[in-house]
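> The primary structure of each chain is shown beneath.
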Amino acid sequence: MLLKATNITKAFHGNVVLHGVDFDVRPGEVHALIGENGAGKSTLVNILSGNLVADAGEVSFDGKRVAFTHPLDAMQAGISVVHQELSLVPNATVAENIYLRREIRTASGLNDWSAMFEAASGIFDRMGVDIDPRALVGSLSIGMQQLVEVAKAIALNARLIFMDEPTSSLSEKEIRELFAVVRELRQQGMGVVFISHKLSELFEISDRITVLRDGRLVGTRDISDVSTDDVIAMMVGRSLDELYPVRSGHRGERVLKCTGLSRFGAVRDVTFEVHAGEILGVAGLIGSGRTEAMRALVGADPRLSGQFEIDGRTVEISSPADALDAGIVYVSEDRKQSGLFLSFDVAQNVSASVLGAEATFGFLGKKPILRRALDFIDRMDIRPRSAASRAIDLSGGNQQKVLLSKALATEPRVLIVDEPTRGVDIGAKALIHRRLRELAEAGIGVVIVSSEMPEVLGMADRVIVFRDGLVTANLDNHDGSLSAERVLKAAVQ
Amino acid sequence: MNADASVRHMARAPEWTQRIGRSREFWLLLINAGAIILLSALRPDTFFSWLNFKAVLGLMSYDLLLALAMTTVLIVRGLDLSVGSVLALTSVVIALLLQQGFPVFPSVAGGFVVAMLCGALNGVFVAKLGILPFLVTLAMLSAARGVATVLTTGQYISFPAAPYWFSTFARSEIGITVAGGYYGIPYLLLITLTVTVLYGILLSRWVPLRQLFFVGENPEAAKLAGLRVDRLIISAYLISAAFVFLAAVLMTSANRIGYANYGITAELRALAAAVIGGASLFGGSGSVLGTFLAVLLLAFIGNGFVLLGGDPNWQQATFGAVLILAVALDAIRTRRERG
Amino acid sequence: MFKRPNSKNVSVSTIQYLGLSTIILAILFGCQIVFGNVLTEANMRVMAMNMVFEGIMALGMTYVIIMGGIDLSVASVFAFAEILVAKLMVQAGLPMGLAIPVTLLVCATIGAANGAMVVAFRVHPLIITLGMLLTLRGVNLAITDGRSVSGFSDSFIWLGQGRIFGVPFPILFFVAAAVVLGVLLAHQRYFRQLYFIGGSERAARFSGVNVERVKISTYVLSSFLAGCAGIMAAAAFGAAHWGHGNLAELRAIAAVAIGGADIMGGSGTIFGTVLGVIFLAVVHNAFVVSAVNPFWYDVVNGVMLLLAVLVSRLIAQSNTKKLLSIKQSKLESSF
Numbered sequence: 000m001l002l003k004a005t006n007i008t009k010a011f012h013g014n015v016v017l018h019g020v021d022f023d024v025r026p027g028e029v030h031a032l033i034g035e036n037g038a039g040k041s042t043l044v045n046i047l048s049g050n051l052v053a054d055a056g057e058v059s060f061d062g063k064r065v066a067f068t069h070p071l072d073a074m075q076a077g078i079s080v081v082h083q084e085l086s087l088v089p090n091a092t093v094a095e096n097i098y099l100r101r102e103i104r105t106a107s108g109l110n111d112w113s114a115m116f117e118a119a120s121g122i123f124d125r126m127g128v129d130i131d132p133r134a135l136v137g138s139l140s141i142g143m144q145q146l147v148e149v150a151k152a153i154a155l156n157a158r159l160i161f162m163d164e165p166t167s168s169l170s171e172k173e174i175r176e177l178f179a180v181v182r183e184l185r186q187q188g189m190g191v192v193f194i195s196h197k198l199s200e201l202f203e204i205s206d207r208i209t210v211l212r213d214g215r216l217v218g219t220r221d222i223s224d225v226s227t228d229d230v231i232a233m234m235v236g237r238s239l240d241e242l243y244p245v246r247s248g249h250r251g252e253r254v255l256k257c258t259g260l261s262r263f264g265a266v267r268d269v270t271f272e273v274h275a276g277e278i279l280g281v282a283g284l285i286g287s288g289r290t291e292a293m294r295a296l297v298g299a300d301p302r303l304s305g306q307f308e309i310d311g312r313t314v315e316i317s318s319p320a321d322a323l324d325a326g327i328v329y330v331s332e333d334r335k336q337s338g339l340f341l342s343f344d345v346a347q348n349v350s351a352s353v354l355g356a357e358a359t360f361g362f363l364g365k366k367p368i369l370r371r372a373l374d375f376i377d378r379m380d381i382r383p384r385s386a387a388s389r390a391i392d393l394s395g396g397n398q399q400k401v402l403l404s405k406a407l408a409t410e411p412r413v414l415i416v417d418e419p420t421r422g423v424d425i426g427a428k429a430l431i432h433r434r435l436r437e438l439a440e441a442g443i444g445v446v447i448v449s450s451e452m453p454e455v456l457g458m459a460d461r462v463i464v465f466r467d468g469l470v471t472a473n474l475d476n477h478d479g480s481l482s483a484e485r486v487l488k489a490a491v492q
Numbered sequence: 000m001n002a003d004a005s006v007r008h009m010a011r012a013p014e015w016t017q018r019i020g021r022s023r024e025f026w027l028l029l030i031n032a033g034a035i036i037l038l039s040a041l042r043p044d045t046f047f048s049w050l051n052f053k054a055v056l057g058l059m060s061y062d063l064l065l066a067l068a069m070t071t072v073l074i075v076r077g078l079d080l081s082v083g084s085v086l087a088l089t090s091v092v093i094a095l096l097l098q099q100g101f102p103v104f105p106s107v108a109g110g111f112v113v114a115m116l117c118g119a120l121n122g123v124f125v126a127k128l129g130i131l132p133f134l135v136t137l138a139m140l141s142a143a144r145g146v147a148t149v150l151t152t153g154q155y156i157s158f159p160a161a162p163y164w165f166s167t168f169a170r171s172e173i174g175i176t177v178a179g180g181y182y183g184i185p186y187l188l189l190i191t192l193t194v195t196v197l198y199g200i201l202l203s204r205w206v207p208l209r210q211l212f213f214v215g216e217n218p219e220a221a222k223l224a225g226l227r228v229d230r231l232i233i234s235a236y237l238i239s240a241a242f243v244f245l246a247a248v249l250m251t252s253a254n255r256i257g258y259a260n261y262g263i264t265a266e267l268r269a270l271a272a273a274v275i276g277g278a279s280l281f282g283g284s285g286s287v288l289g290t291f292l293a294v295l296l297l298a299f300i301g302n303g304f305v306l307l308g309g310d311p312n313w314q315q316a317t318f319g320a321v322l323i324l325a326v327a328l329d330a331i332r333t334r335r336e337r338g
Numbered sequence: 000m001f002k003r004p005n006s007k008n009v010s011v012s013t014i015q016y017l018g019l020s021t022i023i024l025a026i027l028f029g030c031q032i033v034f035g036n037v038l039t040e041a042n043m044r045v046m047a048m049n050m051v052f053e054g055i056m057a058l059g060m061t062y063v064i065i066m067g068g069i070d071l072s073v074a075s076v077f078a079f080a081e082i083l084v085a086k087l088m089v090q091a092g093l094p095m096g097l098a099i100p101v102t103l104l105v106c107a108t109i110g111a112a113n114g115a116m117v118v119a120f121r122v123h124p125l126i127i128t129l130g131m132l133l134t135l136r137g138v139n140l141a142i143t144d145g146r147s148v149s150g151f152s153d154s155f156i157w158l159g160q161g162r163i164f165g166v167p168f169p170i171l172f173f174v175a176a177a178v179v180l181g182v183l184l185a186h187q188r189y190f191r192q193l194y195f196i197g198g199s200e201r202a203a204r205f206s207g208v209n210v211e212r213v214k215i216s217t218y219v220l221s222s223f224l225a226g227c228a229g230i231m232a233a234a235a236f237g238a239a240h241w242g243h244g245n246l247a248e249l250r251a252i253a254a255v256a257i258g259g260a261d262i263m264g265g266s267g268t269i270f271g272t273v274l275g276v277i278f279l280a281v282v283h284n285a286f287v288v289s290a291v292n293p294f295w296y297d298v299v300n301g302v303m304l305l306l307a308v309l310v311s312r313l314i315a316q317s318n319t320k321k322l323l324s325i326k327q328s329k330l331e332s333s334f
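Protein chains in written order, with numbering that gives the first Met the number 0: chain E, 0 to 492; chain X, 0 to 338; chain Z, 0 to 334.
These aren't lab readings, by the way, just hints derived from the structure by calculation.
The reader is advised that the hints may include incorrect statements.
[Stated by the list, open to error] In silico BS3-like links for lysine-lysine, alpha-carbon gap of 27 Å or less: (1) E:K197 to Z:K320; (2) E:K172 to E:K197; (3) E:K365 to E:K3; (4) E:K256 to E:K488; (5) E:K172 to Z:K320; (6) Z:K321 to E:K172; (7) X:K127 to Z:K320; (8) Z:K329 to E:K172; (9) E:K172 to E:K488; (10) E:K197 to E:K3; (11) E:K365 to E:K335; (12) X:K127 to E:K335; (13) Z:K321 to E:K197; (14) E:K63 to E:K3; (15) E:K488 to Z:K329; (16) Z:K321 to X:K127; (17) E:K335 to E:K488; (18) E:K197 to Z:K329.
A quick note: this is a predicted structure, and the numbers were derived from the prediction, not measured.
Using the sequences plus the hints, can you model the full thing?
Structural data, given as structure tokens:
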């Protein structure tokens, strides 16, 4: 065994994300690691590469016990990670990025560029690719930059490389090229752990596959022993352990119609409808264009095309402000970066979109704002029950409730919520689900974008699925009988 | 719990002491009070005279207006290095128009147009083209000062033919007799303080100005919340230019000349005052009261140097030292808050 | 196939350098043809001396900006060095060989203070160095009472006015410093780290770069160079005065930005900065020889600064678009 990890356990703030996971990699194999979003893949990779320290468990590399506390430790031992966000500097050459802090130097102490170029060329030859070590990294495509990261790992004498969703932003040609490199590395006895959502790719490239679900190991299989359907079944399991609010099943008038929504380099020709009384679920893997489509819909990002109708009337939307005027509100997936005003208090956050609503001559009344805040604190059960606490001091669940309150304060016709319960405790999750169902019953069009399969299946009456910027399925779930397999198939194949 | 009961509950929220402790204005007020007490104890006769107060407050008027300009753009996560040179340009334009024999109103309006144009250029380059405010306003600093110098070839521009009232109004005083004592309040001071108070009220209560804070605190969230972010950023630069314009009118009137070298390095003092007053380069914070108290504190420190017979030249250095001290205290405080 | 970037794909900086060089030469020869007396030894000397001190500060500023910082305090350090070295020699009677090292040491300490505060307070360096600028300028004014200090020995004066082969010493210093700093920035591993810190501080830390140490030492270098410039300026002007170098920090920043460095950090070269400095000197000189109102100089500077930034902004935008168009073609082919 090249790497053997046993019983790896990790919790964040009491929330266990890895339950005693075993994982191993043989020399000269490509090992696929797969699981839904939040299954614990990145946590596992972070632990094995020294970015996080496990709470329990043992790791041995090359037969020796190791305990990495810093990524540098792991790199020195021979484990490297090729991240999704590349850690290269665009204004330095390929060779320099590969040899940062291990520069080859001349007798005068200056960098010996020609030696570095030559050494880098040697690595690229080993990999079988043609990249100019003299080129600035910024002038390379993402695919080539990824190969530079691989070269960097090889230069560090890495024997095990983790690749985190390496194909997500590559063209078809580049994927072929990357696979050729991966096969070459396997040939040379290195271990490669390949993390991806695209089953077809995994079946093409890997020797074994390990599936994680909810922080637990489901199993490790030889790729020749399993089919795509087997893997999907392993990924979703059978447990729908959470209770979701009861659906009434009636379908009202059409509230929102979105036709032919396209966005440059992200989504193409998306069409869907939202009816009163029903919740539309938007599924798909991260990066499949779900969020990009919704942001383009409300005018937060530019789009190429798209027509929208609210209650049968055509509306023009070129900015989120227009969308709000038309009655569409979008709640961002990232509450810290683009949702909340973190150092402002709850009252200000809740009223952010409706500051002018109760103003007299444009002057704010403090009382209406406070009253609205207290009203939502009651409705959404925000704790602490104080309108004056700062958003940054609240827990994730309460932050999410404040974010929803901010959107609901605008009294929308259509509510689009992106990841309504990401990083939220169970109590808050149940409450948010209840409120969303109530809104739908009250005749508001509700759209839930979510990476969590149980949430999509438990909440949505209809599900549209995104893959690579396209809607690949429009599935009915009025009786709650839609299977996770059907959604996942549309999302990955 | 009904809403009114909780409103009352809010009023005695347990964290109110913490919130005051966190309030920049509170500490600045304390320090200002300390400075007043110290100075009046050391120099009871000279410090506590109306003449001295008038001098302290009069000197800080221009700095206050420019610091308010800076505070406004800092709130939207901007920066305006051009306040000093736009001040000079506006003053030069007004003086030249007056010199050419134009009546007061068109001349001042001409200055207003120029100031607004500079503000609009700053705002559009920052908001629409996405260039760093630092670079945009640095270019404006250079260009506006350059145009002012070109227009005047570096000479003082006097306007002897202008109406008497314009060349005196900033200096003339309104007399008030209180308890037998006569107090003359210069128009310069009266106008500045009135504008400051009005702006303070507007900035804390008027919706369009409140929205500036949201834009600065989190531009992306503000956009998604339906705020017209670009428009608000441009407005902030226009408001900044309006304060600069007012300072230019007052300065031109008080000094009876327009001059291309007005306000050199004023942008740095304005920035220092705004930051001491609680504004941040990362946007979303800043208050009129805080900025006012910061300017006042710096004025008292300067006054102290004069009254205590110290070398008045040292007061310049205290500006920087107070700024560094304020930043250091902030760093210590946030570190302690984070635990 | 992964293709090597083809030769048509000229790098951004090459375009900028070529453009800037062309403009510089056009102005020089244009003025020579129209007004004459531009390409004379005397005029070249005047032209160079006009900009040389800002130029030296711009070299240090390049390092700081590449690292993602900024140093507004250089102009006040410059004047402070003038005053300190003058006072040490004229009033304290120290020999030149002692006064200069002491002055440089003090300047370096000021830089260390800047760097340490930037690292410790985690505030934007703009604010820290602004505080230093205001403090030091006040100190300069106070310790001189606003008067100039003069009465230097001839050997000290040589540092500002002496010539080797007809070239004034400060110019030689600038050239030597530019070559050394340029080589170090381009080829020495310690200074290469600046690009990595400026490009992504997190990634640099991840790769084991000691970010704090590099930051502090870069501010030290910036102040040290400002100190060197100040000492030579005192000698060149024959006097030290607190008002010298006013706004020099902004001109130095402008030179760096015109030279193509990204003010957010991660890119820039000494060569670019030198071109930026030469550009500012040539433009200034053009106003002098053309007898056009020389005050237009500031206007042109401002406009050029904006243009330079706009150009790099546009190039960056087209790069993002290129990346997206890969996905777009994927989307289009999926029908």
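> Compare the structure with each hint and give your call.
Against the structure, the hints come out as follows:
no., hint, result
1, E:K197 to Z:K320, "holds, 26 Å"
2, E:K172 to E:K197, "holds, 16 Å"
3, E:K365 to E:K3, "violated, 61 Å"
4, E:K256 to E:K488, "holds, 26 Å"
5, E:K172 to Z:K320, "holds, 20 Å"
6, Z:K321 to E:K172, "holds, 17 Å"
7, X:K127 to Z:K320, "holds, 18 Å"
8, Z:K329 to E:K172, "holds, 11 Å"
9, E:K172 to E:K488, "holds, 24 Å"
10, E:K197 to E:K3, "holds, 25 Å"
11, E:K365 to E:K335, "holds, 25 Å"
12, X:K127 to E:K335, "holds, 24 Å"
13, Z:K321 to E:K197, "holds, 25 Å"
14, E:K63 to E:K3, "holds, 10 Å"
15, E:K488 to Z:K329, "holds, 20 Å"
16, Z:K321 to X:K127, "holds, 21 Å"
17, E:K335 to E:K488, "violated, 32 Å"
18, E:K197 to Z:K329, "holds, 16 Å"
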